[in-house]
Every structure is written in structure tokens, then in C-alpha cells.
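When you get a sec, could you build the whole thing from the sequences and use the hints?
Protein chains: 2
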Amino acid sequence: MTETSRKRRSDGRVTITQVAALAGVSPTTVSHVLSGKRIVAAETRGTVHEAIRALGYRPNTIARSLRTRRSHMVAVVVPDITNTFYSVLTRGLADTVDGAGYGTYVCNTDGKVDRETAFLQDILDRGADGIVMASVDAASVGALVPADMGVPVVCIGGAIDHPRVDLVTSDDEVGSYKVTRHLIDRGARRVAMIEGPPDSGPARIAGFRRAMRESRLRVDRALMVSGDWTRLGGREAMRTLLGRPPQRRPDAVFCANDLMAIGAVDAVHEEGLGVPGDVAVGGFDDVDAATIVNPALTTAQNPAYDVGVNAGRLLMSRLEGEYDGAGRTIVLPCPLVVRDSG
Amino acid sequence: MTETSRKRRSDGRVTITQVAALAGVSPTTVSHVLSGKRIVAAETRGTVHEAIRALGYRPNTIARSLRTRRSHMVAVVVPDITNTFYSVLTRGLADTVDGAGYGTYVCNTDGKVDRETAFLQDILDRGADGIVMASVDAASVGALVPADMGVPVVCIGGAIDHPRVDLVTSDDEVGSYKVTRHLIDRGARRVAMIEGPPDSGPARIAGFRRAMRESRLRVDRALMVSGDWTRLGGREAMRTLLGRPPQRRPDAVFCANDLMAIGAVDAVHEEGLGVPGDVAVGGFDDVDAATIVNPALTTAQNPAYDVGVNAGRLLMSRLEGEYDGAGRTIVLPCPLVVRDSG
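Chains A and B, in that order, give the protein sequences.
Going by this note's numbering, the first residue of the first sequence is number 1, and it counts up by one from there.
Going by this note's numbering, the first residue of the second sequence is number 1, and it counts up by one from there.
Derived from the structure by calculation, the hints contain no laboratory data.
As the structure is a prediction and not an experimental result, all values here were calculated from the model.
One thing to keep in mind: the hints can contain errors.
As the list claims (entries may be wrong) - Have a look at the derived ranges for each label pair, beta carbon to beta carbon: (1) B:Lys112 - A:Arg189: 49 to 59 Å; (2) A:Glu320 - B:Ala41: 32 to 42 Å; (3) B:Asp199 - A:Gly101: 25 to 35 Å; (4) A:Gly150 - B:Glu43: 15 to 25 Å; (5) A:Val113 - B:Gly272: 45 to 55 Å; (6) A:Asp110 - B:Val219: 41 to 51 Å.
Stated by the list, open to error - Which stretches of chain B does chain A cover? Using the computed rule of at least three CB atoms under 8 Å from a CB of chain A, they are: (7) 81-94; (8) 218-226.
Said to hold, decoys possible - With the Cβ distance kept under 8 Å, some of the chain B side facing chain A (calculated, not the full set): (9) His49; (10) Ile52; (11) Gly103; (12) Arg126; (13) Met149; (14) Leu273; (15) Val293; (16) Asn294.
Even glycine gets a Cβ: it sits at the ideal position worked out from N, Cα and C.
Given below as C-alpha cells:
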């Protein structure tokens, strides 16, 4: 507790001095009970806790936030924390900002723009000091509002041109190119792609298309289907592909993320076919499940933890006043990981 | 923005009125720019944003928190958000409290008591309104401090006897009993257990021991090994078990969670042995990966999402003043899920 918090205030808030007076102990003893850093006799602790309850005393960080204009909280806006990529990213971010005394506040948008907008408003209302935003729609202007208000924003993926917005992205185009190219080099000729939802992840589609073009293979529009990033969505999309006449079925599929690739493997197996014998499958992200599924996924590594760490560092450099310049971009490589599925 | 926030204050904070004056617009226009709920001409928006930046204006929720003594934030303390069980629990909690306007703040303790203590102090300092605590150590007294201060606490698992602490737990004893009993009913006689770290998860060990006892099988101390809840830890523990002389090896292993069970499957396969032919494997939790691993895991369902939802409801009932009584306990069942590993 700071010295200030011990002074009597005129705003009606309960002070440590009042707690101490009611408990019949010194303010220092109350501080010790609150901090837990010194041993205080059980009976005294009990008396102090009773006084705290009776007066409704609350610690002082909110008041301090008001003075310093800092909430010491960063928000991370993700489609869904139960998607491993985002939980690992969040962990990397939390580990990085924790040391500087910042907490991490999580918002799940389910990839819906209206939820994203509502959360951004909420984040501003709460006075979060910084925002890490894994927006579904890279072109979303949502991030611009906090940035305009002087709250540093780090976007994950996408490309937002704004003087105060930093960007951490993984090299999805090259990663997708490498996975697709690998499927082709192994003999695939009718290569399908299970994309994310419409208007998402253009870089992964671009990498797929470049690999096809450089290999002089035609991109069959009927073999480009959308999933919703989930395992079920991937299974559904693969079923659509397998529902085509046998000679028009794909012999390989590049999936824009591992969860959909796992769903694609499900669908191939349900059809009584083999992976990679009948249909080779490539994913993207290299989540833990990529080595749990059978066959293990050939994929591109998406460095989720490092993305979170880098986002945290970019935020902290602005929050600590070490940097106040133009938006920076950090591009992390996505190396090809060859396993058994393709 | 509230009416109050438009009045000039004596505490040196920038008000909306000051922003409006500098921008040469009405306070109402500033409110519209901030809320985004009305359309404001791009040029006007730009001018308002410039004024906001120049004055360092920050929205008013922090000041409101001070008046209402509410931060509208609940903290969830978990060992590791990248463990699917905790990310799904967190999602259930967030979905439940979100509707009432509460944000979710995540703390990763890595199962370390000192980190847990530090986070609890931090949570109190921030003025979080409620805490959901998945402590590693059920006997941890950490939760008592916030509860003593009148901050509602919901503990996940364990058994804490405190008038203000609610408890949401899954019926781990019965779930573990069922998985172990199933392994025995399928013919296992030398059943090992990969436990969590020492002093964690007594209910799962109790269920295992009861199934062994009721089947008149001896619990071999050498077949009780500890893991650290991770896949690597499970693999390591299984290697220890497989390192024993062949006639003393287990013919089945019950693992206290699925991640360790997946690691155990890894170790059995690395030894050139089969699951369940040579060693049957049972897990606990029924995470997504349980159906991704091959063979798919026989396990007990741990209703992670429902645990989060129930924790959120218990907290909200106290925060909304609907309940102010003794600590409640909600026990959720963990049904047996039979798949191919055992």
C-alpha cells in the first residue's frame, strides 16, 4: 500500500487508516495482513479481516489507475481461446507482459465482427493500456479507433496501415506455398484447398495458388471449399469434396489450418479411404494435435507462442515509452514440417 | 458516456467537455465519436481524435469503477491456459459472465504456489469482483484471503471449507473408478497408475484404489508413478513403467489426465508394443485430442465447459446480490467414455 492510500480522502472511500482504527491495530499491521508478506498472528488477522468486511474496504489499485491513467491490463481479442493456436499465443503474451506487471484480459469474438466491435468498445471503456488483436477480418477498421485514441494496438496477421498499429504476422504465404508444393512434389495433381471462411486468410490462399501456378497445375474452382476453422467444418468440407464423381475427386488437399485438416482426415477415413494413399492431407499451424492424429500431419509451423511474445514486446516498448514511432511489422517464418499425412 | 463524465473535475483528469472545446464540437458529438453508435463525418471524427490524443483523454470506466467499487472483471486462475481443459473452462466462464458485462482476466500459475499467491495479490490489487480458482493444491489457503475480504471465490475441484467460497467440482472419484474398473473388466491384472504431481488429484487416486480393492487386486507401489499433467510427463512416466522387468510390467495403466495418457501411448508405441493389446490405456478429461490419438482414448468425461458455466453462475449470483449465504458445492458427473485404447 502506498503512503497516499493511508491518508483520509474526501471521496467517501474507505481507507486503511479507518480499517486500522476499527480493528484496533496500526495501519502498518493492516498492510501486512493485506500483503501477506509478514507473519501476523491469526487472531489479529481475523480482526483485521472483520474490519475490512464491515467497512467494505477495497484495495487501492483502481484509485492508482485513475491517477496514473494506467490499468496495467492488456486485452487480447481472439476468435476462440479454445483453439490451441490462440491459447498458446495468449500464453506467450501473458508470460511477456506479466514481468512488467500487466494482466491479460481475454475476449472471444467467435470471428464475428459485431462481437469484435463490442469488445473493442468494452476494452476502451475499461481503460486497457494495450490491445493485441487477432481479428478475423484483416481489413477490419475496429483496431483504428483505439489506436486513434492513443492506445497501442498490435494486430496479429493481416495488414493494417496505421501509424500507431504494430503488426506481428507469420509468413503464411510462404508456409502455404511450401506445404502445397510438397504435396505436388509427392505426386498430387488434383489438389484441393479447404480455406477459412470467405474473406479470411488471403495469404494462405495466395501461397496455395503460387505453388499450383509454378507447378503448371490448374486451380479447379470446384476444389476450393470453405470451412470455419474447426474440425467439424473441415470434415464437412472434405465430405463435399469426396461427394464429387470419383474421377473429379482431389488426390490431395491443403487445409488452411490443422483443425480442419484433422477433420479432413476424419472424412477420408469415414469414406473407407486412406491418407495419404488415396488423399494426401496438408495442414497449417502445427498444433499439438498435429502429432496426435494418425497419420501425423504434414503442416507448416505457425509459431504461436513467439507471436504472443513478440506482440507483448511491441506493446511494452510503447507502454514503457521506449518507442513512439511508426507501425512496425515483425514477420515470423513458418517452416515446413513433413510427417505422414502427405 | 454518463452525464457525470461531462462535468469538469478538480482532480486534473481530462473531461469530454475539454475534448469538445479543443475540437470545436459539442460534447454530444464527442460521445458519438467515442461510442461509434452514430455516424459522424470523417473530418469531424479526425478532429475529435486529434483532440483526444492532444489532451490524453481516457474513457471513464476507471472513474466509474471507483464510485461503484466494481471493476466488472473476474479473474480465472489456472495452471496453464494452453491445457485444453482450462481453455474450455475459461470459455464457459467468459460466455457466462460476458452477458452481465464482466470481462475475464486469465492468470497462468504453472501449478506453482508462489505464482498463485502473487496472482491472488495482484487480483485483489486490481479490484477484481470475483475469482475462479483452479488451484493445483486443493488445500491452498490462498483462496481464503480474497474471500475474507468479501470477494467471491469459486474453487474448481478440491474441497475448501469457507463460508464465502463456492465449489464446482467434477466427480473425479467415480470417474476414475469407472475407467479403472473398465480396464480390469477387460482383463487387466497388473494395473498401473500415472498420477499427477505429488499431493494433487487425491480423488482420482482414490477412485483407482477403490476399483482395485473391489476387484481384489493389489496396488503395486512400484506401478504408481507421478507425471506433471503433460504429454511429455506421461511419456516419461510410462517409460519408467516399461523399464521394469517384463514380468513386472503393467498390462494396463490408468492416467490421471488425457494428456499424460497420450504420452503413455507414445511410450508404448516407441517400445514397439501395442495399445491396448500389450498395455491398455485409460485417461481422464475427454479433451479433443482423446479422439485424435490412435487408438482413441477410453476416458472419463470432464465437463470443462459446464464447469466454467457453473462457476460463472455461482459468481454472478453473489455479485448480483441474489445469494449471500454459505458456500455451495456443485458436483458434475464424469461419465465413462469407452473407445479403443482400453
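Hints the structure violates: just list their numbers, smallest first.
8 and 14
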